[in-house]
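Undergrad: Knowing the structure of chain A, use the given hints to seat chains B and C on it.
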Amino acid sequence: MSVLSSSIARKVAMALSALFLIIFLVIHLAVNLTSLFSEDVFNEMSHFMGTNPLIQFAMQPVLIFGVVFHFVMGFVLELRNKRARNVKYAKFNGAASASWISRNMVYSGAAILAFIVLHFIDFWIPEINTKYILGDMSGVLPGEEGYRYFEELQHKFVNPLRVGAYVVAFIFLGLHLAHGFQSAFQSMGFNNKYTKCVKNLGTIYSIVIPLGFIIIALCHHFNH
Amino acid sequence: MNLTLKIWRQKGPQDKGQMVEYKVTDISEHMSFLEMMDILNESLVANNEVPIAFDHDCREGICGMCSLHINGEPHGPDRGITTCQLHMRTFKDGDTIYIEPWRAKAFPVIKDLIVDRMAFERIQQAGGYISVNTSGNTQDANAIPISKLNADLSMDAAACIGCGACVASCKNSSAMLFVSAKVSQFALLPQGKVEAADRVRNMVKQMDEEGFGNCTNTGACEVECPKGISLENIARMNREYLKASII
Amino acid sequence: MTTLNSKVPQGPIKDKWTVYKENVDLVNPANKRNIDIIVVGTGLAGGSAAASLAELGYNVKAFAYQDSPRRAHSIAAQGGINASKNYQNDGDSNYRLFYDTVKGGDYRSREANVFRLAEVSGAIIDQCVAQGVPFARDYGGLLDNRSFGGVLVSRTFYAKGQTGQQLLLGCYSAMNRQIARGKIEMFNRHEMLDVVKIDGKARGIIARDLITGEIERHSAHAVVIATGGYGNVYFLSTNAMGSNATAAWKIHKKGAFFANPCMTQIHPTCIPRSGDYQSKLTLMSESLRNDGRIWVPAKMEDAKAIQEGKLKPTEIAEENRDYYLERRYPAYGNLVPRDVASRAAKERCDAGFGVNATGEAVYLDFASAINRYGSEQAKIKGIDNASKEVITELGEAVIEAKYGNLFQMYEKIIAENPYKTPMMIYPATHYTMGGVWVDYNLMTTVDGLYCIGEANFSDHGANRLGASALMQGLADGYFVLPYTIGAYLSHDIRTGKIPTDTKEFDEAEKEIKEKLEFFINNKGTHSVDYFHKKLGLVMWNKVGMARNEKHLKEAIKEIQDIREDFWKNVKVPGDLNEMNVELEKAGRVADFLELGELFAKDALNRNESCGGHFREEYVTEDGEALRDDKNYAYVAAWEYTGKPSEAILHKEELEFKDIELKTRSYK
Chain A
1 MSVLSSSIAR KVAMALSALF LIIFLVIHLA VNLTSLFSED VFNEMSHFMG
51 TNPLIQFAMQ PVLIFGVVFH FVMGFVLELR NKRARNVKYA KFNGAASASW
101 ISRNMVYSGA AILAFIVLHF IDFWIPEINT KYILGDMSGV LPGEEGYRYF
151 EELQHKFVNP LRVGAYVVAF IFLGLHLAHG FQSAFQSMGF NNKYTKCVKN
201 LGTIYSIVIP LGFIIIALCH HFNH
Chain B
225 MNLTLKIWRQ KGPQDKGQMV EYKVTDISEH MSFLEMMDIL NESLVANNEV
275 PIAFDHDCRE GICGMCSLHI NGEPHGPDRG ITTCQLHMRT FKDGDTIYIE
325 PWRAKAFPVI KDLIVDRMAF ERIQQAGGYI SVNTSGNTQD ANAIPISKLN
375 ADLSMDAAAC IGCGACVASC KNSSAMLFVS AKVSQFALLP QGKVEAADRV
425 RNMVKQMDEE GFGNCTNTGA CEVECPKGIS LENIARMNRE YLKASII
Chain C
472 MTTLNSKVPQ GPIKDKWTVY KENVDLVNPA NKRNIDIIVV GTGLAGGSAA
522 ASLAELGYNV KAFAYQDSPR RAHSIAAQGG INASKNYQND GDSNYRLFYD
572 TVKGGDYRSR EANVFRLAEV SGAIIDQCVA QGVPFARDYG GLLDNRSFGG
622 VLVSRTFYAK GQTGQQLLLG CYSAMNRQIA RGKIEMFNRH EMLDVVKIDG
672 KARGIIARDL ITGEIERHSA HAVVIATGGY GNVYFLSTNA MGSNATAAWK
722 IHKKGAFFAN PCMTQIHPTC IPRSGDYQSK LTLMSESLRN DGRIWVPAKM
772 EDAKAIQEGK LKPTEIAEEN RDYYLERRYP AYGNLVPRDV ASRAAKERCD
822 AGFGVNATGE AVYLDFASAI NRYGSEQAKI KGIDNASKEV ITELGEAVIE
872 AKYGNLFQMY EKIIAENPYK TPMMIYPATH YTMGGVWVDY NLMTTVDGLY
922 CIGEANFSDH GANRLGASAL MQGLADGYFV LPYTIGAYLS HDIRTGKIPT
972 DTKEFDEAEK EIKEKLEFFI NNKGTHSVDY FHKKLGLVMW NKVGMARNEK
1022 HLKEAIKEIQ DIREDFWKNV KVPGDLNEMN VELEKAGRVA DFLELGELFA
1072 KDALNRNESC GGHFREEYVT EDGEALRDDK NYAYVAAWEY TGKPSEAILH
1122 KEELEFKDIE LKTRSYK
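Residue numbers (the numbering used here), protein chains in the order written: chain A, 1 to 224; chain B, 225 to 471; chain C, 472 to 1138.
If we strip away everything but chain A, and leave its shape as in the complex, we get (with noise of 0.2 Å):
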């Protein structure tokens, strides 16, 4: 990791993570919105994704890397950060100078963490063990018709517990991205004339995104 010694360096591999993540948000929300349209549509297109090699072994080892690399370089910077100020100040009014959420992605953060953890649970480790290690790849359930993916999503969103875990998950998703959008291109470098312009669309990405996922969560509880 000797890229990644200086300050700078690891500021930038933070955006270009985040940046990444940012774009596989979009690609995600997309594929989600389609349930909310047409069954089959949202079959197919799960069921690409879930079978296409070059997705399934190229993409996704790159995302989960991207994902791993996010939380850990993130922690590790916010233990070093902490570590920068090894005595503490008796009063600090940060909130003078600095949103909150900007001085607290590391909470935002772990709070996406745990919903990861719970994504993973009901859907990555379902998926994985049914494809890969159970060898089924066909998508299809067994003495059933179709593809099984519209009907494992809207079972999910029975639980209004679980529905309610994902609805501050995204949140909190969107906390995070109102300072990590901007952000992340502030560390590329990026800033200059346009810099409004990419603020205010990191505001509307920040807000877009997560409602989106929000909706069809809820969509599909109330509708099932």
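Quick caveat, the hints were computed from the structure, so don't treat them as lab data. Please note: incorrect hints may appear among the correct ones.
Cross-link-like lysine-lysine pairs, in silico, DSBU-like; alpha carbons within 30 Å at most [what the hints assert, rightly or not]: (1) C:K852 / C:K873; (2) B:K316 / B:K329; (3) B:K429 / B:K316; (4) B:K230 / C:K1004; (5) C:K487 / A:K196; (6) C:K631 / A:K193; (7) C:K775 / C:K883; (8) A:K196 / B:K372; (9) B:K240 / A:K88; (10) C:K775 / C:K668; (11) B:K235 / C:K891; (12) C:K974 / C:K984; (13) B:K417 / A:K193; (14) B:K235 / C:K1024; (15) C:K1128 / C:K668; (16) C:K852 / C:K1005; (17) C:K781 / B:K316; (18) A:K193 / C:K873; (19) A:K88 / B:K429; (20) C:K1024 / C:K1122; (21) C:K974 / B:K247; (22) A:K193 / C:K852; (23) B:K230 / A:K91; (24) C:K654 / B:K429; (25) C:K556 / C:K487; (26) B:K235 / C:K485; (27) A:K91 / B:K316; (28) C:K873 / B:K230; (29) A:K91 / B:K329; (30) C:K556 / C:K1128; (31) B:K235 / C:K668; (32) B:K247 / C:K1024; (33) B:K230 / A:K82; (34) B:K240 / A:K91; (35) C:K781 / C:K859; (36) B:K417 / C:K1039; (37) C:K485 / C:K984.
TA: This is chains B and C only, laid out in the frame that chain A set:
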């Protein structure tokens, strides 16, 4: 007005230090904050106590010496000023005011409210200059025209007084604003471009070695900076660093 | 009384420096590596000298009492730096800069030094630009100039309102390069407490580490003092709190003559004092006088009402205002030189027309400038019949663009909006033209001991023009001293390292330690500041802007009394071997208490009015300064003999071969 002060007292670098409470009375609202401290110190001397050590010099907001963390903010609650330009009218009668030194591992306390900012010196020595001899035989000052925009941006970056409020205000104790101001000043001028890559690499390396934290773009430094140094400079340094690392 | 040898080279003034440089002895680069130089003070003069000497190859040890060279008070200069580049093609030349400086200095400076200063001024700008100093530029990308008081050309280069800061950062960066190379050893938070002489030559210093309190010995082949002026002898001045005369005074006591101490500049545009707690005064750039009109109420009852807070300046009708500078000096008006403007303000305030509670303030009013610029802008923008509000708004925008930072600074300090109500200003001590006597080589009367920048006396005579202090500091450090010091050091190449374990160092250290111990052990009753304030008051009231024989004699007595009291009753808490701010101050005030007396003595000796030195007895019929070129066209260089009162006067007669002596008139 009458005030309660909670002030960090620490005998020396090895001492543990603690917050000590003092009372001051009959403070005029027209006084500067440091004049209020002078009055407190006068009364301490009168009582045969050791006065509180704090850094200050020009008392007109330009030398960068004064460095008090007041009520949780570097240079106090007002904006665009140093502690010496803070006036008591910012406070109310009966207020309790916390006065602490800059807190960062890279800025160890020397005594009371005085910290050691030699880390900044070493960063500057690592590359905060243009390698030109003072021979007087350089080319004419007008030989290279520089666009007014870049000259002005360079000046804005160069306005940094090296006080360390950026580090003090940052939750990560990052020195990025300070370093980027110097990197930017030279990166924006044709004279500085020749050594730009080495400069940014060396200065960032030194900054990291000094034990400052990592920048997370909270923007607190920009808000608290008495000279209004912009975050754009940090972005510029990131850019310069990437350029220097890739090419 | 001996005559001082200024060692000015022979020949026409235009060739002196060139010929000197061509003939001066040089030191071989290999030998430079074996020669150490101590530079005390790292402002513009000391910083530039340290960097240049290190570049040449000498081993430099530099000392600063702050935590970084970047904090020296050179940083506070706002306006700019003069250079005879003639970029504006308005007829400027080295000769004109020379002429303006000598005239502005009221013919009390040394011609040859000033001409050399003008000669190297252009190189300073080249050098600073090469170092990356971000001077202001015009839209074509070339350097911009502004005009300053007392001259008829635009030759002032500037970097926003922070020229001093930027120039200092420039030489600080040059120093950093040498510190990184190991050629400068930097001693931050160190204070020089004495110079050490061996066989009549300056061979080192005794310094105190301000963090640990340790007394250190440092040796060198030459010592350079660049510690700035002694304005803080007044307690209240625009100098930094730590600015002090200790280094200069200590070398004076070891044999360096002190020249013209009475020549002190009082700057007219400072923010007035608001109460007894005041710790320092803040200067606002002289450029404000380009657009501000200075006035006080014409009627005493209005002045009284204002002092009592019953009347606002904006409520006084135009005909009841006294624009006294425009009245007395119609030709230059509000742009008369600093000394003239300061005295005129004092005259009005002494007469009872001052405009704040202390009675020591006059108005600087921008209303008519706002109106003028506003109308102009309205025309440019094609607004017909613009309302008063629109004109004011447009005018304020122009003023903001020109002086925004100064207005903001004023508002922060006084809490009044200077766009809406006139500013209050009052003169304050700003710069000291006097200082350690040096010859053409910038060497003092002690061999191997040099003095540069504000700390010496040579270039500004009795009054300094705006934007000339930065020029002198950098000229001395970058371009003069590096040549002249070689002439001396070329004889020192065989000396070898100077040991510090000699009896001279022992004695100097012992003396210092005893004095410091005295302070700590003295069971006094009053703080150091108590005495400093008392001294300041005497200096301001009796040796201030206007002086007379009676007051000066009283002042000398009073200063002696304060000094006696100080040595009996000063109280310094804390210990020797730790950071001890009160102890630092005690040493400095002890020196001011001696310097103040010599200051008054010099003022008493000089029976004329010139520049910053104004004697009430020597005035023309209409109250203007009356110079006496017949009897006082000399530099008064004082030799220390044990007591300031017994200092011996040495004269350096000033010759003006290239400039005709004229009475300064700004009417």
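Undergrad: Straight-line Cα separation of K781 (chain C) and K859 (chain C) no greater than 30 Å?
TA: holds (27 Å)
Undergrad: Can you confirm whether the C-alpha distance between K775 (chain C) and K883 (chain C) stays at or below 30 Å?
TA: Given pair K775 (chain C), K883 (chain C) holds - Cα atoms ~26 Å apart, limit 30 Å.
Undergrad: Does K417 (chain B) pair with K193 (chain A) here, judged by a C-alpha cut-off of 30 Å?
TA: holds (23 Å)
Undergrad: For the pair supplied as a hint, K781 (chain C) and K316 (chain B), confirm whether the alpha-carbon distance does not exceed 30 Å.
TA: holds (25 Å)
Undergrad: Between K193 (chain A) and K852 (chain C), does the CA-CA distance stay at or below 30 Å?
TA: Roughly 28 Å separates the two Cα atoms, so the pair holds.
Undergrad: Hey, K230 (chain B) versus K1004 (chain C), does the alpha-carbon distance stay inside 30 Å?
TA: holds (28 Å)
Undergrad: Holds or violated: K1128 (chain C) and K668 (chain C), Cα atoms, limit 30 Å.
TA: violated (37 Å)
Undergrad: Has the given pair, K852 (chain C) with K1005 (chain C), been kept, meaning a C-alpha gap of at most 30 Å?
TA: Not OK: K852 (chain C) and K1005 (chain C) at ~57 Å, beyond 30 Å, violated.
Undergrad: Below or equal to 30 Å on CA atoms is what counts here, so check K240 (chain B) against K88 (chain A).
TA: holds (13 Å)
Undergrad: Hint check: K91 (chain A) vs K329 (chain B), CA-CA at most 30 Å. Holds or violated?
TA: Status holds; Cα separation ~17 Å.
Undergrad: Are the Cα positions of K429 (chain B) and K316 (chain B) separated by 30 Å at most?
TA: violated (45 Å)
Undergrad: With a cut-off of 30 Å on the C-alpha distance, tell me whether K88 (chain A) and K429 (chain B) pass.
TA: Holds, at roughly 25 Å.
In the structure shown, a violation is registered for the earlier hints numbered 2, 3, 5, 10, 11, 14, 15, 16, 21, 26, 28, 31, 32, 36, 37, in ascending order.
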